Structures are given as C-alpha cells and as structure tokens.
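Novice: Fit chains D and Z to the given chain V structure using the hints.
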Amino acid sequence: MSVHDTAEPNRRDFLYIATGAVAAVGAAAAVWPFIDQMNPDAATLALAEIEVDVSQVAEGQSITAKWRGKPVFIRQRTAQEVEEAKGVALSDLKDPIARNANLPADAPATDINRVMGAGSPGGGADLPAGREQWLVMIGVCTHLGCIPNGQAGDYGGWFCPCHGSHYDTAGRIRFGPAPENMAIPPFEFTSDTVIRIG
Amino acid sequence: MQWLDARLPLPRLVYDSFVAYPVPRNLNYAYTFGGILALFLVVQILTGVVLAMHYAANSAIAFDSVEKIMRDVNWGWMLRYMHANGASFFFIAVYLHIFRGLYYGSYKAPREVLWILGVIIFLLMMATAFMGYVLPWGQMSFWGATVITGFFTAFPLIGDPIQQLLLGGFAVDNATLNRFFSLHYLLPFMIAGVVILHVWALHVTGQTNPTGVEVKSSKDTVPFTPHATIKDGFAMVVFLAIFAYMLFYMPNYLGHPDNYIEANPLKTPAHIVPEWYFLPFYAMLRAITFNIGPIDSKLGGVLVMFGSIIVLFFLPWLDTSRIRSTAYRPMYKIFFWVFVANAIMLGWLGSKPAEAPYTWLSLVGTIYYFGHFLIVLPVLGLVETPKRLPGSITEAVLAKSGGGGGGRPAGAAAAPDTKG
Amino acid sequence: MKKLLPALLAAGLAFAPMGLAFAQDGQGPTENTAAEEAAVGTDASVEAAEEGHAATPHYPIRHPEQMDWSFAGPFGHWDIAQLQRGLKVYKEVCAACHGMRLVAFRNLDALGYNEDQVKAFAAEYTVQDGPNGDGEMFDRPGIPSDYFPSPFPNSAAAAAANNGAAPPDFSLLAKARAVERGFPTFVFDLFSQYQEAGPDYIHALLTGYDEQPSPEVEASLQPGTYYNPYFISGPALAMPPPISDDQVEYADGAPQTVDQYSRDVSAFMMWAAEPHLVERKATGFVVMLFLVVFAGLLFVVKRRVWAGTPH
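Chains as they are written, first to last, in my numbering: chain V, 1 to 198; chain D, 199 to 618; chain Z, 619 to 929.
Hints may contain errors.
Said to hold, decoys possible - Heads up, simulated SDA-like pairs for lysine to any residue below, C-alpha to C-alpha not over 20 Å straight-line:
| hint | chain 1 | residue 1 | chain 2 | residue 2 |
| --- | --- | --- | --- | --- |
| 1 | D | 266 | Z | 898 |
| 2 | D | 266 | Z | 768 |
| 3 | D | 266 | Z | 728 |
| 4 | D | 465 | Z | 855 |
| 5 | D | 266 | Z | 719 |
| 6 | Z | 899 | D | 273 |
| 7 | Z | 737 | V | 52 |
| 8 | D | 414 | Z | 927 |
| 9 | D | 550 | Z | 798 |
Calculated from the structure, these hints are not laboratory results. Quantities reported herein were computed from a predicted structural model and do not represent experimental measurements.
The shape of chain V in the complex, shown without the other chains:
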C-alpha cells in the first residue's frame, strides 16, 4: 500500500494490530445478543420449576403434570405395587441404573432409588414414612419418545404402545426396545402434599 510514513514501523504495526483487535472484540460482543436471544426466554424459565398439589391423589391414583413441555406422572402406588417393585433383583433388570436426577449418576435401580427426591441426604434410610409409594417420573418412553399407557403391560406398570416396551411398577424397563428406565426429574416434597418439580 502507498503508505508513506516516517514513524517507526513498530509503532505503526502496533496501531494496526490494536485497531484490528478492537474490531474483533466489538464484532464478537455484537454477535452474542443474536445468539443468546435463541435461549429460553424469561417467561419460559419462570415455568421451568412447578409446584404440584398432590393432596387429592389417593392410593392407586395418578395425575399427570406438565413440566418443561413434557408429562410428569405422579402416582401414589398401592402397597402391592411397592412390594412387587421391591422384590425384583437388580440382575433381572435390563437397565440397572436408577436414572434419578436427584441421585448420583451411577446409583443402582433399586425401588428406593427410583422414588427418592432431593433433600434426603442419608440415602433411603431417612425417607419419611409414606413417601416410598410416591413415584414421580417423566412419562416419556426412553425408546423413541412416545407417552406410555399407565397400569398396563406384562409387569403391571407402564406399556408403550408405539413399539411395545414394558415398564414395571417403578417405571423400570423390563422388556422391549427401550434402552433405559424412565427418567426421574429433580423434585422435592416441600410439604406433605406439595411436590416441587424442577
């Protein structure tokens, strides 16, 4: 370029580099809002955590709550269903991992680990009486995302009509193409009758 300059080359180079660097910083900063606008907005985030009143759910009944666009099955299981689930040996399970967001990723899929919410630091030992029959589970089949039917299938739990996956009364996959147990969302009993999910 036809630059005629008497200043030292070093100073000139520094000026050009500094200007280029400032331009790059500005461009990067300007790009961020255009990307960040795609993230969930404030109204969506406000619904990322819901509270569900379960005082009307009697033993043997279920309700479905909508959480982050997905159904969450909340079921007060009968004593018989709990016993059935407890009686299953881990070795009989297709997926031996609890898949519980409130527990470590490698927790085994025992029945107690399937019903544990947040706020029980002592493991299953300090789970208050009457909580173990409450199953809170994301009602999405882990195969290809269909919604399973309740109290159906060969194991008395859930049955996915799409491709024939059978889940037991703790929502664990027992037979069929689904690879994993149905997921347990982060949740906590904030009182005896209110569950906070999220």
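Specialist: Chains D and Z only, in chain V's frame:
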C-alpha cells in the same frame, strides 16, 4: 484461492471490486453513505430475522408478542429497538446519500441507470418500512395502514377493488397483517438484489467525485483498499455511534406514543402521523385541498405524492446543465440549498395538524419541490455561467493542498476531509 | 383524503365556538392565571394562553411540569424504594380499575423483593386457571409466573362499569402518553435525552384536579367528567380524582401526599412500561465508550493510510 478462482472466479471478483478497484482520490465523507447503507441493510436483515423468531403475525397476539420480545426474550429489547431505530437511520443515511447524488450530479450521463436503480431501491425501502411499521399492531400501525392503503381508493373505478385486494378484506385486519409480514420479510432481499445491480452499475461507470471531472489517469485514483476501506470504516463507526446514542438513550424519540396502544379498529388517534421519513411526502399529499378540473382533491393529493417520487426517475434528463458538480454552479448551489431547506420544512409541516397556516405552507413547499425539478433544473442549465472546471482531479487536489507532493504532515492532509 | 379533510374541517367548525371561548379566555383572565401559576411555580401558563388564540383548541390546556426522575439521563437508575411505594399505591388504589396485564409477579424481583416475598405477593391475588378435569375454569391463588389480573374481563365490561370510558391498562401507559413538545424544544430534547414525557404527564394529571376551569370551559364540560387542564385529549376526563392525601400508608416515612403518591406511581409505571430501562442505559454506556475508542483508533489509522496522498 487459485484453485477456486479457476473454477469460480469469486475471489477475483471480490479482489477487483473491493481491493484493487480504483476510486477517485478526492472523495469526501459525503461519499461514505453508500457503505453505511450496505451496513444498515445487513443490520436490518440480521435483527429482522431474529425478531421473526419471536414475533407472531396474528392480529390477536401480534402486539403482545412484540411486548414479550421487549420484556422476556434475552436481549429482545435491544434487538427490537435496533430494528426500529435502524429503519430510521437507514433513511437518514439514504437521504444524505440522495442529497449527495443531487449535489454532485451523480445522476448525469453516463450514470442514469445507476441513479434509476437507486430510486427503485428507495421505493422498495419505503414499502418495506411502511409494512414493517404495521407489524407491532399499535394504533399508529393500524391507522397508518388504513390511511396509506386508502390512497388507492382515490383512483376512480379501480381504486376500491385494488384496496380490497391489498387488504384481503374491507378494512385492515388479520389478513392484512399476515401478508404485510410476509412481504416485509421478502422485500429486504429484493432490496439486496437491486443493491447488487446498483453496485455493479457503479463499478461499470466508476464513481463521481466532488469536482465532477471524470477520472483521466491512474494518478487521479487510489486503490479501494486500504484508502476507501478505512475511510468508509471510520465513517461507519461514527454513524454507528450516533445510532447507538439513539438506540440506548432515547429509543422512543423517533417513534410515536400511540403505537404503545394496541390497535383498535373503532377508535382513531387524535392525530395520525406517519414515521418521520415519510413526513415530506405526507405534507405534499395534504397540500392539495382543492379540486383541479376533473381531478378531485383526494386524487390530486395522491398523484402529487406519487409524482414527487416518479419525477426522480426523470431527473437525469431534466437537468440540462453539462456541469456535474454543484461546486462549480454558483446559482444552482443556492437553489440546491433552498431545496434542502424546503424538504426539511415539508417534513416539519407533515407533522403538524392539517390546518392553517400549515396547509398553505405545504402547498408552497410542494410547488417549490416540483418547480425545482421541472423549472429550475431545465432552465438553469441553459442560463447559468459555471465556474472554470479544473483540468483533472489531481490538478484540483494539488491546487487545494497548495501544490505540495507526498510526505506532508498527516494533519494538514487530513484537514480537507472535514469539508462536506 | 376525501374523507379525512372534510372531517377535519367539520371538526374545526364544530370546535370554532369553543375556540372563540378560548380566545376570550386567553385575553381576559390571562393575568389572573399567570399570577396563580407563578404562585404554584410552573411556567406553562404562557403557552396555555397562546394556545387559546388558535382556531381549534389544543389539548392539554397546560403542559406538564418537568420533574426530576432518578431514571432520567445517561446514568439513570431506579429508586427501588420509590418503585416499592408506587407498587403499593397501584395495588391499593389504581388496581381497582386499571389492569397491568403484561407485568408478571415474577418481574417484581426487580423491585428488590426476594423469591418468597414475590410468592407471598402473588398468592394474595386470585387467578383463573383451567379447564380442570371436569372442563370447568377454576380460581386459584396466584404464583410468580402469573400476570397481574385485570379488574374487568374485557374492555367492554370495563367501559360499561365506568361511565363509558374504559380505564386504560397500566402496562405501557408511561410510554403511550406524551404531550407534544413542539419546535424547538424537541431539538433540545435530543441533547438533554428527555424521555420522561410519560411520567411527567401522569404526575401532572394526578396532581392537576384542583384547578378551577374558567366559566366558559366549565359551561362546555360534559356531565360526569372532571376538569383537568393537563388532560391530553380534552378539558375534562371521566376519571374522578383517584387519590387523596394519607390514603395510602407509607412505611418508610415518605410524605403521604397526593404529590408524592403521584411521583411514586409514575415512576412505578415507567418501570412497568420499560423494565429493561436501566440495563439499556448501562449497556449503552459501554457500547458508546467502545465505539468512541474504536472510531478514534480508526481515525488515526485512516490518517496514516492517507498521509502520503493529498486528496
């Protein structure tokens, strides 16, 4: 690069157009608005595309969806204000660009096609801006759309069917909103297409320059990069700084408060005004309050308003002067600045209520507007005695900078830049 | 235009007698009004008197006084205590008639309330939800993600319950009302960054009920309307004076006067209309700083590049 060049000569095209391309060495900052306009077209398209991810073109929820963008979407307030104020700054830049063209005679042979393409871009911009203003579905959106589509009813017989065709109903409604959104999304890309033709035509004829004397030798030019690139870049950042001032500190200054009230088809605002960039044309529309023979005042106003832009198409043939640059036309220089003042006055009148004395002032302004193009330009070219033109760009430049060559202090060389 | 212009003409004729009345008003008791105004300390009376000479009356009769707002200017910020007081005024007084449907309870965390306070605040409201399993709509206490419920189910019901004039929603009112500034003030506003026309107007309106109309104006008032020279679209409005001294109890010791209530609720409404205002101005400062530095660098580079080329 060479591999690609042999198959698709895109690198060569870019190099020839934006690196080695020779530009007159005496271009001042008035010539930077082309680059600024390109930047703002990109800004408007980018912000528009992301706003469309959140906007809902349905008359029941359009207003609320814009407010959701303003309140809940991450950075939504900034993107929306950028888009709204960006439209205004787009027009500020385009008006300065047009006045630059008028002053330096950029429309004269051999640049007629370049100029006409520019007028087409201007028309597309006006259509895009108008339809974009309808989308927030506020009171001004709704009633602006009602009034502007009402222009077409001025034409006898075909007027009403045309209006119904445009609106998709008997009044502005959901169907109107949906088609305006679709077209508002489409037109910017058509603008971009015509811009490519505009730049192509520019690179065929080369730029004008403040002297109006064509480039005669390579001494008259400098390479586009780095000279024009850095100058345009500096002007862009200064313009962006002014834009940022409005965007962040007074984003609603150029808007109208009534557009924060949701559209109500049963209640007209007390005082309908278009966005500021349409005000001069709006003043001319309202200036015709009398019937002209068989043409009633309504049709007359609409014809005058459309005519004010149509006349720009014929500008290259209306100006009879062979001198390009107004700098060498002492009499036209006066008329040029009167024209600028008149345009600003018309803009101010457009914002005033339609009552005396504003209506007759508008009429005076309208008469001058057309008189400038239809009388002053053709006649002045025949009677005016121009100043002596410099022999070449280099001669003009060296005369201005005192005959010195290279190696002069940077400050002295940069000073003439500041002359508009 | 065929329709608009005759309509405007007709309106002009219809208002002509009124305009005459104003002209007389402007000439006669001008000194009186001016004296009163001087006592109150506003300077709007001169403009008002001038307006009186025009053929059609222009509203408002008086221009609002420009107030000091904490959120004005390039470093504007919210006065959190003021916003909390404004919320209290809104909740206890205005909310009886005016909704605020675009503001959610969760937004109140910007007013310095923590999550539990927002939850408790929301629970004081009853929100309609549903349909439930039986297909019925049902009422439940509000939660943070709910929006402020409107006092009327729709604007027709609101108008029917309020003498034909629906009380406007508050969500955007502070941006939807502005008295025209006129030339050359609007040019100066560019440099003073005046953007507070909305809160100024609301404050002026709320404190403007005390003034007495001239006999001519009084004769022209519609029954069931209340004279207010600051009202933007007429001499009187359908809303009765909404608030009086000591009507709302302030815990923080701020004066319990109509003037203070009006300031607080105006500031609150500005927040409701533009919740990101402070964030916007703070971001703007950084961006402006960047652009000025960048422009300076580019200017120096540009001078270097062009140094050897007279132009």
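Novice: Compare the structure with each hint and give your call.
Specialist: We went through each hint and held it up to the structure:
| no. | hint | in the structure |
| --- | --- | --- |
| 1 | 266/D with 898/Z | 16 Å, holds |
| 2 | 266/D with 768/Z | 18 Å, holds |
| 3 | 266/D with 728/Z | 17 Å, holds |
| 4 | 465/D with 855/Z | 17 Å, holds |
| 5 | 266/D with 719/Z | 12 Å, holds |
| 6 | 899/Z with 273/D | 13 Å, holds |
| 7 | 737/Z with 52/V | 15 Å, holds |
| 8 | 414/D with 927/Z | 17 Å, holds |
| 9 | 550/D with 798/Z | 11 Å, holds |
Hint violations for this structure: none, all hints satisfied.
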